[in-house]
Amino acid sequence: MEASTRRIGAVKSFKKHWQLYLILIPPMVFFAIFKYYPMANMVLAFKDYNVTKGIWGSEWVGFKHFELFFNNPVFWDLLSNTLMLSLYLLAVVFPLPIILALMLNEVRSRKFKKLVQMVTFAPYFISTVVMVSIIMLFLSPRLGFANILLNSLGFDSVNFLGEPSMFRSIYVWTDLWQMAGYSSVIYLAALAGVDPSLYEAAKVDGASRLQKIRNIDLPSIMPTLVVILILTVGNVMALSFEKVYLLQNDLNRVSSEVIATYVYKVGLLNANYSFATAVGMFNSVINLILLVMVNGLAKRISKNSIW
Amino acid sequence: MASASRAIKESKGDRIVMAVIYAILSIVLIVVLYPLLFVVSSSISSPAAVSSGQVWLWPVDISFKGYETLFKTPLVLRGYGNSLLYTAAGTFVSVMLTVMVAYPLSRKTIFGRNAIMMIITFTMVFSGGLIPTYMVVREMGLIDTRWALIIPNAIWVWQVIIARSFFHSSIPEELMEAAEIDGCSDIRFIWSIVLPLSKPVLAVLVLMYAVGQWNAYFDALIYLKDAKLFPLQLVLRSIIIQNNSSNITDALKQVERQQLAELLKYSLIVIATLPVLVIYPFVQRHFVQGLLVGSVKG
Numbered sequence: 001m002e003a004s005t006r007r008i009g010a011v012k013s014f015k016k017h018w019q020l021y022l023i024l025i026p027p028m029v030f031f032a033i034f035k036y037y038p039m040a041n042m043v044l045a046f047k048d049y050n051v052t053k054g055i056w057g058s059e060w061v062g063f064k065h066f067e068l069f070f071n072n073p074v075f076w077d078l079l080s081n082t083l084m085l086s087l088y089l090l091a092v093v094f095p096l097p098i099i100l101a102l103m104l105n106e107v108r109s110r111k112f113k114k115l116v117q118m119v120t121f122a123p124y125f126i127s128t129v130v131m132v133s134i135i136m137l138f139l140s141p142r143l144g145f146a147n148i149l150l151n152s153l154g155f156d157s158v159n160f161l162g163e164p165s166m167f168r169s170i171y172v173w174t175d176l177w178q179m180a181g182y183s184s185v186i187y188l189a190a191l192a193g194v195d196p197s198l199y200e201a202a203k204v205d206g207a208s209r210l211q212k213i214r215n216i217d218l219p220s221i222m223p224t225l226v227v228i229l230i231l232t233v234g235n236v237m238a239l240s241f242e243k244v245y246l247l248q249n250d251l252n253r254v255s256s257e258v259i260a261t262y263v264y265k266v267g268l269l270n271a272n273y274s275f276a277t278a279v280g281m282f283n284s285v286i287n288l289i290l291l292v293m294v295n296g297l298a299k300r301i302s303k304n305s306i307w
Numbered sequence: 001m002a003s004a005s006r007a008i009k010e011s012k013g014d015r016i017v018m019a020v021i022y023a024i025l026s027i028v029l030i031v032v033l034y035p036l037l038f039v040v041s042s043s044i045s046s047p048a049a050v051s052s053g054q055v056w057l058w059p060v061d062i063s064f065k066g067y068e069t070l071f072k073t074p075l076v077l078r079g080y081g082n083s084l085l086y087t088a089a090g091t092f093v094s095v096m097l098t099v100m101v102a103y104p105l106s107r108k109t110i111f112g113r114n115a116i117m118m119i120i121t122f123t124m125v126f127s128g129g130l131i132p133t134y135m136v137v138r139e140m141g142l143i144d145t146r147w148a149l150i151i152p153n154a155i156w157v158w159q160v161i162i163a164r165s166f167f168h169s170s171i172p173e174e175l176m177e178a179a180e181i182d183g184c185s186d187i188r189f190i191w192s193i194v195l196p197l198s199k200p201v202l203a204v205l206v207l208m209y210a211v212g213q214w215n216a217y218f219d220a221l222i223y224l225k226d227a228k229l230f231p232l233q234l235v236l237r238s239i240i241i242q243n244n245s246s247n248i249t250d251a252l253k254q255v256e257r258q259q260l261a262e263l264l265k266y267s268l269i270v271i272a273t274l275p276v277l278v279i280y281p282f283v284q285r286h287f288v289q290g291l292l293v294g295s296v297k298g
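Those protein sequences? They're chains A and B, same order as listed. Number 156 in the UniProt record's numbering belongs to position 156 of the first sequence; there are no gaps in the numbering. Number 207 in the UniProt record's numbering belongs to position 207 of the second sequence; there are no gaps in the numbering.
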């Protein structure tokens, strides 16, 4: 009975709201062509791409490209560079905005609070290209602010962007500079929603400021925190190509070559489509598995999850 | 009254905590603000002052040489024009498509709306990747056309989620039913009721798409080869990051050229960021709103 009434409901809905279904078509065509069709194109990873035969006519080669990738000496370098940068990023850029929000929440002067929020939010609007430009100007070996400061303290100049050991720190801490204000907004909103009677009760009990933060503020932002954590961990492998690529140079490549930049070079610059697709696919699949795992874990531990 | 009693009861420990918090936040403020001020100050200093590292905080020998040179450089002007065009056209197309998918999916009467939403949301967690997407864009004949920057990333799922939850909570189904009884068609209902009532969310969509489009460089990097089509961000990359300022400063003497090249970088950063930062104080509210609407669902 369910099925038939549903079908009748569907037909009725189509007849009555055909215009709504009609305007749904262009966006759905968009998703089909630019999001789902590329997923189908991933079969390239299991073929040897042949320009004249096209994707579907090319010859199947099974897991050849994956084997090539796993046996390639660069594999471990790429994987460790990607993971190390991501985890470093996670360790810095995830917790510090929470602390920023907790501190801002304590500030009683509304003007000061607004000023800090306004200023820290602003760098979010700076494009990656401009961000990297500023980094390069500040760290430039000859005229950069950082080196002028070092020189005035009696140290020699350092070519920061040419040092592989500094690449990750530069990437991560500038990211914090850019994203801290933006990321803290969500937590601030959660903190604004805390029931004031909780604070009153805490005051009656003689709780100190830090105790209030620990026992009232932190638990109230926990659900938000978990959701953001899941989303962040789920994107660990999906490191943004944009900033890494712009910061990269021949000197720091040892630590700055990540999977995304490698795919771009092998795939688009060297036109090795099948191999690059296989590498990209490896990345996406790991990412998806991570997301599902973290989500499951969060569901068990705190009953918060994204689905 | 609460603050008065709190002030009296404030213990010594609490006061120390407060002092530390204010101190840290002040440092944060300076650390974030300083680079921004430095860039702006440098951009209006003289070429000699900038290239000898004399600028610390405030401009030295105020001059607008950098801006004057930029506004006489066809490469930069064309990049600027292109970026304005991509931002205007891209934002229009994106907002339109987002409303077209978000509104129907916010209506209970639409059959299979949850399934469709799932299909859409899935593209957030899994994608075909760089090469497979590139192949599709190429197959569609979009490579080296302006459409390549407008169409392939036209709809952001996040924006669909924001718009849909707004429509869902702010446009009651009863209103739609009432309009139906009066013989109002769905499209007319969207045009004359939904859109006027949705100005807050439309503002969020427009701003987020516009900033995203203005700041983007990746799609241009992979889809465009013709330098005439380059958006400003790519021009910037070539001049600042790859250090190719020769075609701007060609006619000058060696020393002068080097000094000016250094100054130009700062001026370029300012003109590329200005449109966004100027509107920012007025629109921050909308961004925060968008962030929060999305996070309810997120």
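Calculated directly from the structure, the hints in this document are not laboratory data. No experiment lies behind these values; they were computed from the predicted model shown. Think of the CB as a built atom: it goes at the ideal place given N, C-alpha and C, for glycine as much as any other residue. A hint or two may mislead.
[What the hints assert, rightly or not] Restraint-style ranges between C-beta atoms, simulated for each label pair: (1) B:PHE122 to A:LEU251: 53 to 61 Å; (2) B:PHE122 to A:TRP76: 48 to 56 Å; (3) B:MET124 to A:ASN270: 25 to 33 Å.
[To be verified] Just a sample of chain A residues kept apart from chain B, beta carbon distances all over 10 Å, derived: (4) HIS17; (5) LEU20; (6) VAL61; (7) GLU67; (8) LEU83; (9) VAL92; (10) MET118; (11) GLY154; (12) MET166; (13) ASP195; (14) ALA260; (15) THR277.
Evaluation of the provided hints:
1. A C-beta distance of roughly 40 Å is found between PHE122 of chain B and LEU251 of chain A, which places it outside the suggested range of 53 to 61 Å.
2. In this structure the hint that PHE122 of chain B and TRP76 of chain A lie 48 to 56 Å apart at CB is violated, the actual value being about 31 Å.
3. Restraint check, MET124 of chain B to ASN270 of chain A: a C-beta distance of roughly 30 Å satisfies the suggested window 25 to 33 Å.
4. With 10 Å as the threshold on Cβ separation, the claim that HIS17 of chain A sits away from chain B is violated: the shortest Cβ distance comes to roughly 6 Å.
5. At the 10 Å boundary, the C-beta of LEU20 of chain A falls inside the reach of chain B, the nearest C-beta of that chain being 4 Å off.
6. With a least beta-carbon separation of about 16 Å from chain B, VAL61 of chain A lies farther than 10 Å from that chain, consistent with its non-interface assignment.
7. Interface exclusion of GLU67 of chain A from chain B stands, the closest Cβ pair being 18 Å apart, more than 10 Å.
8. With a closest Cβ-Cβ approach of about 18 Å to chain B, LEU83 of chain A is found to remain outside the 10 Å limit, as its non-interface label requires.
9. In this structure VAL92 of chain A is separated from chain B by more than 10 Å, as the shortest Cβ-Cβ distance comes to about 14 Å.
10. Non-interface status of MET118 of chain A relative to chain B is broken: a Cβ of that chain comes within 10 Å, the nearest being about 7 Å off.
11. Distance to chain B confirms GLY154 of chain A as a non-interface residue, since its nearest Cβ pair spans about 16 Å, more than 10 Å.
12. Even its closest Cβ contact with chain B, about 18 Å, leaves MET166 of chain A beyond 10 Å, as expected for a residue assigned away from the interface.
13. The Cβ of ASP195 of chain A lies farther than 10 Å from every Cβ of chain B, with a closest approach of about 14 Å, so its non-interface assignment holds.
14. The Cβ of ALA260 of chain A sits about 8 Å from the closest Cβ of chain B, inside the 10 Å cut-off, so the non-interface label is violated.
15. Consistency note on THR277 of chain A: stated as away from chain B, yet its beta-carbon is not over 10 Å from all of that chain's, at 5 Å minimum.
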